[in-house]
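There are 4 protein chains.
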Amino acid sequence: MFEIRNPQYKDRIREYLSRQYFMKHVGIELTVIKPGHVEAELNIEQTHLQQFGRIHGGVIATIADIAAGFAAYTLVPEEFHVVTGEIKISYFRPGKGHRLKAVGKVIKPGKSMSFCEAEIWSLEGGKEILIGKASTSMVNIPIVEG
Amino acid sequence: MFEIRNPQYKDRIREYLSRQYFMKHVGIELTVIKPGHVEAELNIEQTHLQQFGRIHGGVIATIADIAAGFAAYTLVPEEFHVVTGEIKISYFRPGKGHRLKAVGKVIKPGKSMSFCEAEIWSLEGGKEILIGKASTSMVNIPIVEG
Amino acid sequence: MFEIRNPQYKDRIREYLSRQYFMKHVGIELTVIKPGHVEAELNIEQTHLQQFGRIHGGVIATIADIAAGFAAYTLVPEEFHVVTGEIKISYFRPGKGHRLKAVGKVIKPGKSMSFCEAEIWSLEGGKEILIGKASTSMVNIPIVEG
Amino acid sequence: MFEIRNPQYKDRIREYLSRQYFMKHVGIELTVIKPGHVEAELNIEQTHLQQFGRIHGGVIATIADIAAGFAAYTLVPEEFHVVTGEIKISYFRPGKGHRLKAVGKVIKPGKSMSFCEAEIWSLEGGKEILIGKASTSMVNIPIVEG
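Protein chains in written order, with this note's numbering: chain A, 153 to 298; chain B, 153 to 298; chain C, 153 to 298; chain D, 153 to 298.
Treat the hints with care, as some may be off.
Unchecked claim - Which residues of chain D face chain B? A few of them, derived with a C-beta cut under 7 Å, are: (1) 168; (2) 240; (3) 242; (4) 248; (5) 267; (6) 287.
Said to hold, decoys possible - Restricting the straight-line Cα-Cα distance to at most 20 Å, the calculated cross-link-like pairs of lysine to aspartate or glutamate (EDC-like) are: (7) B:263 <-> B:276; (8) B:260 <-> D:271; (9) D:260 <-> B:167.
Said to hold, decoys possible - Sample of chain A residues facing chain C (criterion: CB under 7 Å; computed from the structure): (10) 244; (11) 267; (12) 287.
Calculated from the structure, these hints are not laboratory results.
Model, not experiment: these values are computed from the prediction.
Glycine included, C-beta positions come from ideal geometry on N, C-alpha and C.
Make a model of the complete structure from these sequences and hints.
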């Protein structure tokens, strides 16, 4: 199991959500927040689609980044922030369906960075289908007081 | 230079734009379309930010995917579509500023897939700053008539 | 479970091994070959190290590519070859120890490409430690008879 | 241009080469070492090939990692080491020919990590052909005295 270095990790994440403007603009919500594991969900509407009626790759990249990034946040000390160093998203299948879910997990926490993954699932006709997967380096940045 | 296999590539891309709902939702526009090279731009507003007032990683991933993907589209024959197989985005610096630009380029076109890159620049106080770079495999999919 | 499209997949892989010169040069052997799952192992000697006595990143990349690539080979029809389109390797911890193992798995098989992963484990003092992970696009190439 | 934080960067790299056992085992040599730019070369022999007579992906990953990693080393202060955090290699074309060259460059140096790239060229019949490209996060690790 993971070591918790900030017992208030849930409050911290919830406080950030109010200022996560792009996340709100896309319509993404967090549904699970636990140590090293965060899930994000989204109701798919026309606004999320590309020219062939599939879920846009940018929507999938965004929800994957959010799930993996907040998963990293659950494990860092209070005096650190987390930024995405790099993220790779592999697209397995075209995203259809009416709901999207990303399951973000910390694979290897660390002092200066964490390796995380996110699986992206679409809910299509009652079935959950794995449509992509992300692998990412989340970097810990010390908070400098002004 | 690149071989043009669909002389109507510009018309094709422009036609797609009308149904690129997520691209419109984010506010991204194409500003340059030429063989193997597409640029996309975006005016940054509060809606594009994350909790610390920086440009959200999902915005950067989205504009990079769009610039690289349409760059690939300029070089495929009419009977093929292009989908993102995978994309890796590296974030060099926090994105500030009021305008974002992605320059997408085909590095190696191919029959079944193209390797593309996108540089992401932010315009901050009159200077263009390289804030990230993407590397991606764009896959050619034959169009099947219904 | 996976669909087997070439029942002779094991014979095919074994035949390739005799001409896998770089794999032999490094000293890597396959220890498990089953549908969508291949394991490769290596006894660590001085020849595999970098300047600080750790296992060289190139050794880890090589064994990951081999395990993931042969995992993809177990699922392609006889008339296709498999080549690595791209591979990303994340290095979680410095590799020490006397033996290295890569576990390659197909995550999403496909007609034109397969998404695969490989976990890399080192055996250090009786314990298996996850030192890295790879994510890769393996591309299917039709064999053209001469 | 880049800021030099360790004027002895060439001596440091040369000293490491004597203990770069895997690099020697593969036969790779450094041919250019300058700030933010390192080139590595290799004479291709049978030992570098895979089952179809092409240069093995592991050879290409190794030479790319070395060129990019030593490019990062040219720019870090003396009291830091450099380790590969992650590397993605895209394979554009099968590697043939008798000589391989990797050109490693720092794209964005930083205090805690550097983003680097490496282009991989093969010399085939008098022509240099771009056969692949790598993008990588090189992490700076403070040297702790024992």
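So, going through the hints one by one against the coordinates:
Annotation: residue 168 of chain D was flagged as interfacial toward chain B, and the flag is violated, the nearest CB pair being 25 Å apart, outside 7 Å. For residue 240 of chain D, the suggested interface contact is upheld, since its CB lies about 5 Å from the closest CB of chain B, less than 7 Å. Below 7 Å, beta-carbon pairs count as interface contacts, and residue 242 of chain D has one with chain B at about 5 Å; its hint therefore holds. The restraint placing residue 248 of chain D at the interface with chain B is violated, with a minimum CB-CB distance near 16 Å, outside the 7 Å limit.
With a least beta-carbon distance of about 5 Å to chain B, the hint placing residue 267 of chain D at the interface is held under the 7 Å criterion. Restraint check, residue 287 of chain D versus chain B: the minimum CB separation of about 5 Å is within 7 Å; hint holds. Of the supplied pair hints, the one linking residue 263 of chain B and residue 276 of chain B is violated, its CA atoms being roughly 39 Å apart against a limit of 20 Å. A distance of roughly 12 Å separates the Cα atoms of residue 260 of chain B and residue 271 of chain D; the hinted pair therefore holds under the 20 Å criterion.
As the CA atoms of residue 260 of chain D and residue 167 of chain B are separated by approximately 37 Å, the hinted pair breaks the 20 Å bound. With 7 Å as the threshold, the beta carbon of residue 244 of chain A comes within range of chain C, its nearest partner Cβ sitting at about 4 Å, so the hint holds. Because the beta carbon of residue 267 of chain A sits about 5 Å from the nearest beta carbon in chain C, less than 7 Å, this interface hint is met. With a cut of 7 Å, the hint placing residue 287 of chain A at the interface with chain C holds, because the nearest CB-to-CB distance is about 5 Å.
Hints 1, 4, 7, 9 from the earlier list are contradicted by this structure; the remaining hints agree with it.
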